[in-house]
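Given chain A's structure and the hints, the job is docking chain B onto it.
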Amino acid sequence: MSLKKFSELFLDLDSSNSTNNKIEVLKNYFLSNDPIDNSWAIYLLTGKSNKRFISGRYLKNLFSQLYEYPVWLIDTCYLKVGDSAEVITLLLKNKSTSRKKELSNISLNELLSKTIPDLSKLNEEEKNLQIKKIWERLPEDYHLIFNKILTGTFRVGVSIGLITKSISKLINIDEEIISHRLMGNFKPSIDSYEFLINKNINLEELNSKPFPFLLANTIEDKIFKNSINDFQFEWKYDGIRLQLIKRSGNVSLWTRGQELVNETFPELVEKMSHIKDDFVLDGELLVWNFKEQIAFDFSLLQKRINRKSPTRSIQIKYPIIFIAYDLLEINGRDIREIKLENRRIELEKYFSKWQNKTENNISDIFKICDLIFPNDWPDALTYKEKSRENNTEGLIIKKKTSIYSSGRKKGIWWKYKVDPMQLDAVLIYAKGGSGRRAGLYTDYSFALWKDEELIKFASAYSGLTNIEIKELDKWIRKNTIEKFGPVRSLKPEMVFEISFEKIQISKRHKSGIAVRFPRITKWRKDKKINDADSLENAYELMKKIL
Amino acid sequence: MRTKQEYLIRYKDGSLYCELADIWIDPSKPVKKALITHAHFDHFTFGCEEYISTKETAILLKERVGDNIKIKTFEYGEEFKINGINISFHPSGHILGSSQIRFIFAEEKWLISGDFKLQKDETCKKYEIVKTDYLISECTFGLPIFKWDESNKIANDISKWITNSPEKTSLLFCYSLGKAQRLLNEISETNFKGNIYSHESIHKMNNSYRELGIEIKDTIKIENKKKIDELKGSLILLPPSLSKGSYLKNFKNIQTAFASGWMSIRALRKRSGYDKGFAISDHADWDGILEVVKKSEAKNVFFHHGDSDALSKYLVEKESINVLLFGK
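Protein chains in written order, with our numbering: chain A, 1 to 546; chain B, 547 to 874.
So that you can see chain A by itself, here it is in the shape it has in the complex (with noise of 0.2 angstroms):
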């Protein structure tokens, strides 16, 4: 019940490339370790909310002063490796004299819950030696899970969805309801995984958690064989998706990544408070333009998305609206199984109830999502092609007959997004990846054409594929021109079609403007950098949209 045992679980899935093997591997782990062990497991490879007690690079200069090794190194070797923990773990082999590993048995629980923790009652001195102790009494072999316990680095490719299924295999008990137990804040206890592998089924206990998020495919061709009126259509809103609950007078606000956000919007749940029943509602917030109706930028959004506890004034200046498009529960009836088309009856039915009958006016903070009724698929796609007048991506289309389930099931919901924007623009920086993408040059700059000069407009770092990665990473180290630490310039020679959600001026950049999400789509190697766009380009796409 160790330590050990969990590095070895570790490694045991780090070198598994199957579901099903990672799956019997935490398996088998969870029967043979104790609850409070299994449950820090849980809670470090679902990496919920793991917290960071120092950062890389405070690990990197502790090495450095605590070894005399120069920092420049270190940080050339970061740029192989990708991973400031593992990077010192492996510094870190045969460094230690001790030949005494008074840890080699410590548990995985002391580790967690004393020995890290304790670290932070220390001055920095103090803290330093600390480390340094720790380092040379356990094994080698566990230097890097304490490295990456300490970083708040961990992950193995376990994801929330394959611990559910090993749970769920281990007790026979339904995948969906583990993965309800699993949302929230999960607080590594005892009790928090005996209620996990709890085998009677209370959903009273589940109470303060959110539903597990249905989440929507990209479209496919073969939905436009069926009839059009099998269908729900609803714009797709860019905003944050919340499950908004209300269960025993009780208002919570839950994103997808499980975080509980009430202070981040507390208009909302003093509103929502008002409404005397109880619902789980299913839905998108906004920053709202009340003026035109419509969504305002994500950017304005990002405002009210890191700050706890907002003033007044800033509630006034960025007003938010919850747009519900489900309703999953009312007054403690768990109604996922219905159709979605009787749920969307419900939820107008409570929807014209609370708006009402509710003393405090509900309806500028709080709405359910309007449904387009396009006639055929052609008339389907004019509604997506429109989807940017009122600032939204695209459509989401739903299933009439589809039940709530969880997860990214096929065949219930889809988006079909707006078609991108996209202009050609010629490489000219690139930089070191890391993770996965280490020692390969990932991060690339864009540049369009200004009279005689490329100025750069986008980075990008998602669209090639892996092959594609490795032939670019060759011509870039033939084809540098100036290294500037980890950045390469180069010969300006390849152009690339780029991608993006959006476009809008920006002072703060020197091309005057500034893109959403922009990604790589295709490798232009039929085009010549004279053939590349122009910022006037830009400037005309811009004009377009607006």
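Bear in mind the hints are in silico, worked out from the structure with no lab data behind them.
Among the hints, a few may not be true.
Here are some, though not all, of the chain A residues that point toward chain B, as calculated from beta-carbon distances under 10 angstroms [stated by the list, open to error]: (1) ASN17; (2) VAL81; (3) ASP83.
C-beta atoms are modelled at their ideal positions from N, C-alpha and C, and glycine is treated no differently.
Just chain B now, with coordinates in the frame of chain A:
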């Protein structure tokens, strides 16, 4: 200080070249006279008029490319003269027959390390410390994150990896010349006593090693139509070139691993697509390179085959060793 043109050995067209003797070291294009440090294909090219190497390298090369190449051979330590330059081969510990090459001219010593390692390897001669004025060293693993474990530890890990999955066929990918034989030698000392199969290219090299007096554990040549059941729980050694593509369809219920120094880094391990990586290398790790640089007593060092920036800076700052750059 001399200009780059005046060095006894310099870089020309991507390879090491000694103008005074008009001789190339591991050239990548056909030339008149080529010194070959060892029989890996990235150190050898077809079409040279004459090759010079150790006896073992010559035999391995002929086994790989056929008899119709002209090779002159010398023993380790045996000096020969070309245009007034004394040249000799010395063991580099990389694979069987691998060598460092020393040049002495006008009382100035130059040493080309070739690919080398200091770690234990009973399938070839141990690295010999050779003193020199100028050292040209490889630095494939020239960062301090590279520190090799003892090879018997890795062999035990491999043994555990196979025996922990008795239902599976374990495919271990490794270079067919050198790495495969070293692994076989180490694995035969572990608890794994099941069948070991090897791909034809590896099988061939095993036989050559045996002919040269190196004991290598017997393996069964893998046939495409082996029954799946027979392979369960056994180990199969394959060259990395077969890891992608249709060859793997010959097997069912497999687990795969790659034996290479790069596997010590998790990101590379994950990206490689193998289930598991074993960090074992026939190149020197960081400490190995530093040891060779120091013990060679070289006043001037050149690096090639690797990213040498960090290593050079470290040697200059910490060890006050003069690191020079070739104009490539």
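- Query: Which hints, by number, does the structure contradict?
  - Reply: none
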